[in-house]
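Going by my numbering, the sequence shown opens with residue 1, and the numbers climb by one from there.
The hints are simulated quantities; they were obtained by calculation from the structure and are not laboratory data.
Please note that a few of the clues may not be correct.
Below, simulated DSSO-like cross-link-like pairs (lysine-lysine); rule was C-alpha separation at most 27 Å, straight line [what the hints assert, rightly or not]:
#1 Lys147 with Lys217
#2 Lys53 with Lys217
#3 Lys147 with Lys53
#4 Lys47 with Lys147
#5 Lys214 with Lys147
#6 Lys206 with Lys53
#7 Lys47 with Lys206
#8 Lys47 with Lys214
#9 Lys217 with Lys47
#10 Lys53 with Lys214
Computed Cβ-Cβ distance ranges for the label pairs, DEER-style [what the hints assert, rightly or not]:
#11 Ala99 with Ala197: 36 to 42 Å
#12 Ile221 with Glu25: 42 to 48 Å
#13 Ala121 with Lys217: 25 to 31 Å
#14 Ile4 with Ser144: 27 to 33 Å
#15 Ala121 with Ile97: 16 to 22 Å
Nothing here was measured: the structure is a model prediction, and the numbers come from that model.
Note that CB positions come from ideal geometry on N, CA and C, so glycine has one too.
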Amino acid sequence: MQQITQTIPIVFAGGADPVGAGLIESLARPRGNITGFAGVESGQNTKFLELLKEIVPGITRVAILGDLTQPDTRVGVLGNPTRPDGSGNRGSIQGVIAALRVEVRLIDTRDADAIERGVSAFARDPNGGLIVPPSGFATLHRESIIKVAARYRLPAVYPDRIFAADGGLVSYGSNPLERLRSAAGYIDRILKGEKPADLPVQLPIKYETVLNLKTAKALGIEVPTSVLLRADEVIE
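Work out the full structure: start from the sequences and follow the hints.
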């Protein structure tokens, strides 16, 4: 859409690091014709790792799924090292990787067939877990991702409640419906005369943890009480 028009207002309601992806100049002053509400901020990536390690302390290897040809995936997973003004923060997640003593591997899942290939290869060694960052691809293929994680008995953290509701172990993310409601508010303001360039891009301020106990039991995981007490929803 950015390539098609530089004049028609565009309001987005998702994605990671719009500065690093080249959509806007800065969060506070996006300039141009694009503004909106990001679905991810840099701290979410570290939370994925911390949550996975807390649920399964024995994990030493983590695979992060994503289409590595897409800027949102590259900067959203490990932060963008070349754009310090973006929300991606490479240093923060690298620090968590070192502190938790885990090996992180990126698995390129640019098409449906790559999901099975990548996860099966990763699962050949023990003590592994999965992280599924937010993306349209992950949402579209969530059934396949959840099934392959179950097949190889890999605990996984997902970005949205719908994954946990469909059988994923645990999700941690902002509420997409809230982002859409907020985006509608921006659209209303633009239709009344305000410019997208003057409306700051906003990051999520609230995250929800949804835990699927049925899946945990199937994987033989005894979820710590600390995680159960923090969960916004427990699916039994």
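We went through each hint and held it up to the structure:
no.	hint	in the structure
1	Lys147 with Lys217	holds, 15 Å
2	Lys53 with Lys217	holds, 17 Å
3	Lys147 with Lys53	holds, 21 Å
4	Lys47 with Lys147	holds, 23 Å
5	Lys214 with Lys147	holds, 14 Å
6	Lys206 with Lys53	holds, 21 Å
7	Lys47 with Lys206	holds, 13 Å
8	Lys47 with Lys214	holds, 22 Å
9	Lys217 with Lys47	holds, 23 Å
10	Lys53 with Lys214	holds, 19 Å
11	Ala99 with Ala197: 36 to 42 Å	holds, 40 Å
12	Ile221 with Glu25: 42 to 48 Å	holds, 44 Å
13	Ala121 with Lys217: 25 to 31 Å	holds, 27 Å
14	Ile4 with Ser144: 27 to 33 Å	holds, 31 Å
15	Ala121 with Ile97: 16 to 22 Å	holds, 21 Å
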